[in-house]
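S.K.: Quick note, the sequences are listed as chains A and B, same order. Under our numbering, the letters of the first sequence match residues 1 to 448, in that order. Under our numbering, the letters of the second sequence match residues 1 to 320, in that order.
No wet-lab data here; the hints were simulated from the structure. Each hint can be trusted.
Below 20 angstroms or equal to it, Euclidean Cα-Cα: the simulated SDA-like pairs (lysine to any residue) are:
1) K392/A with I124/B
2) K423/A with I17/B
3) K360/A with L11/B
4) K423/A with W78/B
5) K26/A with E218/A
6) K360/A with L12/B
7) K392/A with L300/B
8) K360/A with T324/A
9) K290/A with H137/A
10) K290/A with Q304/A
11) K360/A with L10/B
12) K423/A with N75/B
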Amino acid sequence: MGHFWAGVRARSHKVELQGIYIPHNKATAEMETSVMPLPNSIVLPMRQHVGAACLPQVKRKQHVDVGTLVGHVDARMTADIFSPVSGTVKEIRAIHYSDGRSDQAVVIVPDGEQTVDEAIRPPQVTDYPSLVEAVRHSGIVGLGGAGFPTWLKMDTDLSNIDCWLVNGAECEPYLCSDYREMVEHPDTIISGIATCLDLSGVGKSLICIEDNKPRAIETLRQAAAGDDRIDVFVLPARYPQGASRVILRNVTGRSVPRGGHLTDVGALLFNVTTMSQVGRFLQDGMPLTKRRITVMGDVVEHPQNLEVFIGTPIGEILDYCGLTEEPSKVIIGGPMMGVTQVGLESPIVRQNSGLLALGKAASQLPPTTACIKCDACVNSCPMHLTPIAIQKAYQHTDVKALDRLMADLCVECGTCSYVCPAKQPLAASVRLARSLLRSEQRKARKGN
Amino acid sequence: MNTKEHTPLLLLTAPQITSPVTTQVIMRNVLIALAPSVVAAILLFGVPAAALLLAAVVSCVGFEYLWCRIRKTPNTAWDLSAAVTGVLLAFNVPSTLPLYMVVIGSFVAIIINKELFGGIGRNIANPAISARIFLAVAFPVAMTTYAAPAMAPFADVVSSATPLASSAAPTSLVNLMLGTHAGVLGETSALAILAGGIYLLATRTITWHIPAAYVGTVCAMSLLTGRDPIAQVLSGGLLLGAFFMATDYTTTPTTNRGKLVFALGCGLITCLIRFWGNLNEGVAYSILFMNLLVPHIDALTPNTPVGGERRRQPADGEGR
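So that you can see chain B by itself, here it is in the shape it has in the complex (with noise of 0.2 angstroms):
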């Protein structure tokens, strides 16, 4: 028998190994699937673009980590979902943004909509879409005043119309999936968001679910109402809120099929909006509605765990 004196063992719970995916990885996944509408939105729009993209994540980064500093939390700074929101809230706004204005946003965003509700993993809606709302209900007009992108056919700096807008003149295919043309920062190329959307699926980051029944739903309501559902499905920021925003894990149901419920909801509410509301953009609502939503459609719809199929029979046997 071994006698000699050791240091006291390790008593830990089963099981002792883990996966090597932490918050972070999964955080920084979604970062390199934007990193393609970032390139994108750059080239088309500049150093405006790029400006407002570090002012909103430098923002959203700090006010995080003022917040745990102050409130003597764990510092959850760097774990990258504050630099997601950054860029996501960077995209929902025009390239003529003053920055101050995307500043606030960062406020609404991390301060009022995540620390308030507990930080990560407990805030109700998606911080960066009702950062979004805030700011196109406090500033109307500069949220609106899209510009022309650089290497697009148009004029300099104008209030142009989204391709949505009852007056716009129809887009052409290849437009919108490069995103040649007006909007905001994120939601113009369909192409640089299918990419970072197919990483995504890709890495198992997110599933299909989500941004299959979303995009699904909008192009069986384009159908059924007669309108061109590749127009209504590349135009506006439905990409951009099916594969990245409608697909937050905090504010989206637990199972597969609340998710599907979900995002059959967030389509319905965006054709709503699109094709009888008074506003050109339906999916920033469509979400943020349905986030509020998700304890509902939790409670509908819960997993039948394996062997839990039936009804309880009476007076089974106890454990032998």
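Same shape as in the complex, but just chain A (with noise of 0.2 angstroms):
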């Protein structure tokens, strides 16, 4: 492996998937993170996650401490949650999503004493197994937006794994929370990696940022300079850099195949916040309890990168950074693949990275014309799919066309939609086509 990773820094700014330009707006980009004070109340959904949803652990009127487990689940692909607050729990009540579905949420009434829990403490790690064991009681997921529970993605084979990738892309207009943990807490991301690495036993890292963040890559640079494992790889500040197949791609120059996941090709990528709440749990014990989202939009009073804890409803976050205006579209996410909101009660989970109010002007998309086929999205499609012929395919439920035209690879970034100048939703056309073509393809193996 050795002259396969000298060649990798030359080809720092020559990478395969140029991806498109969009104007980055990161305006709170050098605002130091401030923090929230306690809200009135925590909403705690019990799924935080990809995988199984959580049960409740706590009964109404029990007293919780900061730390203490809240939802735990027996099955594999699950992360537990645990409260961020002393407090009482006030109700167990369903959640409802702007997507239609809907879970059961904790909700714990702050008493503002925040005494932790006495069970926590430092976790016992000796090697790697130790590792992914302590890392599945500490509640922390893929923070960069994928919610994958952390411990499950380090259960794997290593035999062949020889990239620990960390993704600090943030290539996501507006959002800033990666940026600010890469430049106020480079300690515990280098200290998280290298934990990693010491008992995985995995040779290499490279920590990938974009060129637009200069102090990230210079402060992480000197961060890693003692540890010749880790290092960075600068990528050029075009979305979706940060896509994990892209990434991987312009990184290692290895693709993914159908069906498959990134430890096919022998790599790991972790979100820069996540490997840093690694390594924080890693000295503390104190499971993952609060997060950095950037509070951004034209009806923010005072956009900032803010601490807050974890089931904070963005109502009250609205509330404390202040709005010139009643917002009409509330974003959870960034503006390419964050998810809009269908109340203010909905609370920030573990994976949120942003929250956006807009106002009336802003919200507004502008209307669909015909398709010129200027073939915008064809040559903009970072997985080089060709989103106009999937919508079509999809139209006439063609799911043989869709295979062809392999939908399933879509990394729903939004690049096509972005771009297209007809403005047809080829993004959400290619998502349903490609939830379509994953249950006819789930329907054909079981008829095998």
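Once you've looked at the hints, go ahead and assemble the two chains, each given alone in its own frame, into the complex.
M.R.: Pasting the structure below:
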């Protein structure tokens, strides 16, 4: 592997998948993280990750401390949920998401004491299995937005893994959460990565950062100077460099086969804040209870990078940051991949990195006109898909064509919709096409 | 918790932002790129050229507007695509053409070629090119009565041959660049067309694939058959076709590979017609012919998605 890694750094800028330019709008980039005071209530949905929903482990009127286990389920693909505050469980109720699904949620009223649960102590980590086991009880999931349980990603066959990639690209416009983590806490990032490398035996880690964040690049290069296993890989500041398969291709030249995962081609990829949380958890044993989000949007009076307790309702966050007018659209996440919210009582959960509130004018999207076959979607798709043909095949429910067009390889970055001059809802169509294709593939497999 | 009543929040699928480029912006870019040639045509051919351009643009936009009103479909007349068709149509006729003929051409371009196929984005053949071919068949004499450019040292309005006609005397390179030779409105000044082409490339309205492959093929064929490649490229409608008509989004293949194949075909057919055919000019026919092959080119030149390079492995694990 030696010669392979030697060439990597030189390739920093001539990446294969270029992406497109989208105005970055990272206005809060140089603002220190501020800490939001305790909210009036904490709403903890029992699914804040990819996988099985947790079951509430607390009862109504029960007292909880900071770090008390609130949600747990006996399943492999899940991640425990912990109370970020001390207080009393007010109720356990249903919570409805804007996509129509719903989950149980535990509502806690903080008592302001912030007493820490007695069970919290730094984990005993001696080898890789004990590290995975410790992270399993940390509540840490992919904090870049994916929400994949981190311990589960780590719990893989390491024999063919040669690179431990860390994603600090943060290619979404507006968002600065990962950037602040890199600038403010390089030490926990590096200690988290170093521990993982020590125990896993993986020989190399690259922190991938876009070139519009020179301070983060410099800070992490300095912090990693003492460890020659850890290096920084500079990506061009073009969307969507942070998509996992784009990073993999641009850094290692590998691509994930259809239906496969990064581990199939020898790579693991973690968000940079996730790694930092792992480092922090190994030091103090406090499970994931807080996170930083970027609050922005044209009706937000004081845009900022805000550290909030997980479960803080977005209405309280917007009240804290101030609103110049009533928002027409509230997005959790970034403008490209974020999800519009049905109401202000939804909470920030652990994988959310941004909160955008937009006024009337900024909320509307332009009307859709006829496709002029300009091929902008085809030429800008990072995965080299053909979005317009996929949309057409989906409209005809032509599953064979969707299979031929490999709609299942879509990474949902939204580039096709962004560039479309006719403003066709390409990303939404491809998303639907992908789920149609996947369900048909599942059916076909069951039939065999 | 904020308990006051709110108006319902908008729910939209991602992404929540979109680029400022719309169809109209693209068409405006094409019109800007056509502007140098418009100026050149009016300088060279005077008032008749201006009248033809005006008639073609007004009638194209008018036909589109009327169609949308009568059919009660969304009005697409102001997206400027009909205006582009109008300018290109006028560029494809000689300055002596009676105005009513160019209006007939507009009807063929917009109504028959575009709207009957479903409007913008749905037409199979390039509207301006099919209208040119229609006019050439319907009015063969009027379509080949070229006026000598006003600035050229020729006699007044005469039926003069284009530089590609076998009877024509050799035209100098300077004349070809400036356009001071006989021809249709937009095919004369190579310099003006190149300026517009560079603008289209710089604004990324088009990619290099089609113009480069088209012109390159004609150059190569000229060299192979012992003809002067520069004269072949600069005369006739080649540059206008390569930059403005063979790059029409709707009637060209999707992928860059497909575009190269398309342009190669255009170049080959142009040369076949020019060198060995019965016509002086082959650009329009070559583009029309290749337009019809686009679905097949598309089917044969798909992009390979990242991760789709290998065949799907059987019985792979479902999403974790």
